[in-house]
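Residue numbers (this note's numbering), protein chains in the order written: chain F, 7 to 141; chain G, 2 to 411.
Hints were generated in silico from the structure; no laboratory data involved. It cannot be assumed that every hint is accurate.
[Said to hold, decoys possible] Straight-line C-alpha distance at most 25 Å; calculated DMTMM-like pairs for lysine to aspartate or glutamate:
id, chain 1, residue 1, chain 2, residue 2
1, G, LYS320, F, ASP120
2, G, LYS220, F, ASP125
3, G, LYS244, F, GLU18
4, F, LYS77, F, ASP110
5, G, LYS320, G, GLU279
6, F, LYS65, G, ASP193
7, G, LYS240, F, ASP120
8, G, LYS74, G, GLU19
[Unchecked claim] So, partial list: chain F residues that the calculated Cβ filter (under 7 Å) puts toward chain G:
id, residue
9, ASP19
10, ILE23
11, VAL26
12, ASN94
13, THR117
14, LEU119
[To be verified] Some residues of chain G that are not near chain F, with every Cβ distance over 10 Å (derived):
id, residue
15, ASP41
16, ILE42
17, HIS63
18, ASP64
19, HIS99
20, PRO107
21, SER150
22, GLY179
23, ASP233
24, GLU287
25, LYS324
26, VAL342
27, GLU358
28, HIS365
Glycine included, C-beta positions come from ideal geometry on N, C-alpha and C.
Next come the chains, spelled out residue by residue.
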Amino acid sequence: MQPTILIIDDNEDDTLITKVALSKTGRDFRMEVALSGEAGLALVRREKTPPKLILLDLKMPRMDGIEVLRKIRDDESLSSIPVVMVTNSNLESDEQEAVKAGADIFLRKATDLDQFKKDIERILDCWIDTNAPHR
Amino acid sequence: MRYEKEYIRKDGTHVPIELLVHVVKDAEEKQLYYYSFLTDITERKRAEEALRAQAELLSLAHDAIIVRGMGDKITFWNRGAEETYGWTQDEARGRVAHDLLKTRFPKPLLELSAEVAEKESWEGELIHTRKDGREIVVDSRWAVQRDMSGHQVGVLEINRDITDRKKAEADVLTLSEGMAARNLELESSNKDMESFIYSISHDLRAPIRTMAGFAKIIKEDYAGKLDAQGQDYLGRILKGSAKSTRLIDDLLRLSKISRQEIDRIGVNLSNKASKIVEELRETNHERNVEVVVQEGLTASADPRLIEIALTNLLGNAWKFTSKTENAWIEFASTQQCGKTVYHVRDNGAGFDTTYAEKMFLPFHRLHSESEFEGTGIGLTIVERIIHRHGGQVYAEGEVGKGATIYFTLG
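Work out the full structure: start from the sequences and follow the hints.
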């Protein structure tokens with residue numbers, strides 16, 4: 007069974023770039039995209055097998071990343087999924103808030119594609135391929 | 002009735018006397034007899050004369066010099082008083098001083114008189130009204146004059162018109178209050194500007210990332226489908242978006258510096274510089290640059306900010322010596338007029354000193370992108386950091402010979 011990576015981000019261009027960066031790693035997984043916090047949660051709950059990894063955007067209208075993260079952590083069936091909080095911001099306060107809410111890792115969306123690809127690879131190394139215990 | 006007269010003694014000398022005469026009348030108003038009291042007022046007259054003589058000397062002064070005798074009546078009024086108040090000597094003599102001048106005292110007259118009686122003098126500001134009705138502020142000094150037996154003979158009053166000075170002082174106060182208000186306005190407006198720049202830069206990041214990201218993806222995956230011209234255009238898009246990215250990142254870095262709290266502690270500048278140089282060497286193995294860092298350079302500074310400043314300065318020196326054989330960089334200090342002046346010197350490309358000041362302006366460069374890469378924000382950041390430390394920064398250079406950036410930490 008292919009592991010699924012779920013991308014939750016309201017910016018469609020960014021979801022596309024993330025998908026391309028992920029595909030270019032050449033690893034084996036399925037990708038799913040949700041363009042809002044609500045849609046993302048609905049998707050996660052619908053699936054029989056939960057995603058192996060969630061790339062969650064911090065700043066989204068209405069339900070933002072922090073709220074989605076809290077709902078995931080509060081749900082027993084979902085709380086063990088590793089969540090990467092992704093963002094465009096460079097404020098330290100955002101990073102602290104994300105970690106406090108339960109993000110496993112905080113990733114800044116690098117503008118340089120090569121750098122972003124490297125960052126994605128490192129994350130996959132941690133959470134997908136090595137099956138390292140994360141909670 | 003009271004008279005001042007001069008009697009002649011048996012020995013022929015003259016003596017000034019005060020003659021006090023009471024008439025005693027009967028019930029029908031018929032004069033019965035007189036009571037006479039004679040007082041030798043020689044001493045009193047002498048003291049009065051002395052006072053007047055002194056005052057006469059001072060009639061040359063521009064200050065108003067007034068002598069007040071019994072009942073505060075004016076007995077002396079100099080030229081200066083005539084000029085200051087408009088009343089002539091004849092008009093003023095005999096009048097009660099504070100009536101004539103409509104004096105406004107800073108304290109009730111009774112209190113003031115008590116003070117004067119105690120201290121024999123007084124100094125303060127009064128408001129007087131001139132003959133023409135105009136009010137003036139005077140700096141007034143009083144000195145009590147007594148005769149040999151200790152009786153108060155009069156008060157010597159010297160007044161100086163300070164209306165203009167007071168007005169000037171008030172103007173200066175208004176001006177400086179106005180400036181303080183303007184400063185607050187400017188500070189607030191600066192803060193607004195900074196927030197504005199910050200949020201714009203931040204908001205621009207997403208679309209710039211989109212452009213840069215997809216241009217790169219096209220280059221990687223679809224370049225083969227483009228002819229030479231198409232590939233050239235694509236290359237330009239890529240360079241442009243990469244440049245926009247750097248500009249935005251630099252703007253955000255710059256605005257972060259300005260907003261950051263400054264926390265000064267003792268910092269070892271030599272250590273910081275050496276570490277920065279090591280990192281430069283590590284990322285550029287192929288380069289062979291001689292770097293001299295003076296030992297023991299310390300200063301009171303914000304460690305993070307000063308590291309950013311040194312990184313920029315040393316990074317610049319490293320960059321601009323990239324085309325120089327036997328590249329050499331120095332970080333040292335000298336003492337100038339009791340102040341420590343640090344400098345980063347290199348023997349690289351240098352610059353035309355005519356444009357020395359422009360170098361510090363944001364996004365201003367003295368070299369083109371093809372000569373040396375960069376957005377022109379490095380020195381702006383350095384300047385802002387140094388200024389936040391209360392220091393100064395300036396540059397010297399010569400094309401082809403090298404450059405030196407000097408700075409102090411306030």
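Task: Non-interface claim for ASP64(G) versus chain F (Cβ beyond 10 Å) - done: 68 Å, holds
TODO: Could you let me know if the closest chain F CB is still more than 10 Å away from the CB of GLU287(G)?
DONE: 21 Å, holds
Task: PRO107(G) non-interfacial with respect to chain F [C-beta, more than 10 Å] - done: Non-interface label on PRO107(G) holds, nearest chain F Cβ at 57 Å vs cutoff 10 Å.
- [ ] For the hint on THR117(F), just tell me whether its beta-carbon gets within less than 7 Å of chain G.
- [x] Where the cut-off is 7 Å and the nearest Cβ of chain G is about 4 Å from THR117(F), the hint holds.
- [ ] Mind checking the CB of LEU119(F) against every CB in chain G and telling me if the closest is under 7 Å?
- [x] 4 Å, holds
TODO: Please confirm whether SER150(G) is truly not at the interface, meaning its C-beta sits more than 10 Å away from all C-beta atoms of chain F.
DONE: At roughly 86 Å from the nearest Cβ of chain F, SER150(G) sits farther out than 10 Å, so the non-interface label holds.
- [ ] Measure nothing beyond the straight line between the CA atoms of LYS77(F) and ASP110(F); if it is 25 Å or shorter, mark the hint as holding.
- [x] 15 Å, holds
Open item on the list: Does ASP120(F) sit within 25 Å of LYS320(G), going by the straight-line distance between their CA atoms?
Closed with: Measuring from Cα to Cα gives roughly 23 Å; hence the hint holds.
TODO: Hold the hint about ASP19(F) up to the distance rule: shortest CB distance to chain G must be less than 7 Å.
DONE: 4 Å, holds
TODO: Check the non-interface label on ASP233(G): least C-beta distance to chain F beyond 10 Å or not.
DONE: 20 Å, holds
Task: Interface restraint verdict for VAL26(F) against chain G (beta-carbon cut-off 7 Å) - done: 5 Å, holds
Task: Assertion that VAL342(G) lies outside the chain F interface [Cβ separation over 10 Å] - done: 34 Å, holds
Of the numbered hints stated above, none is contradicted by the structure.
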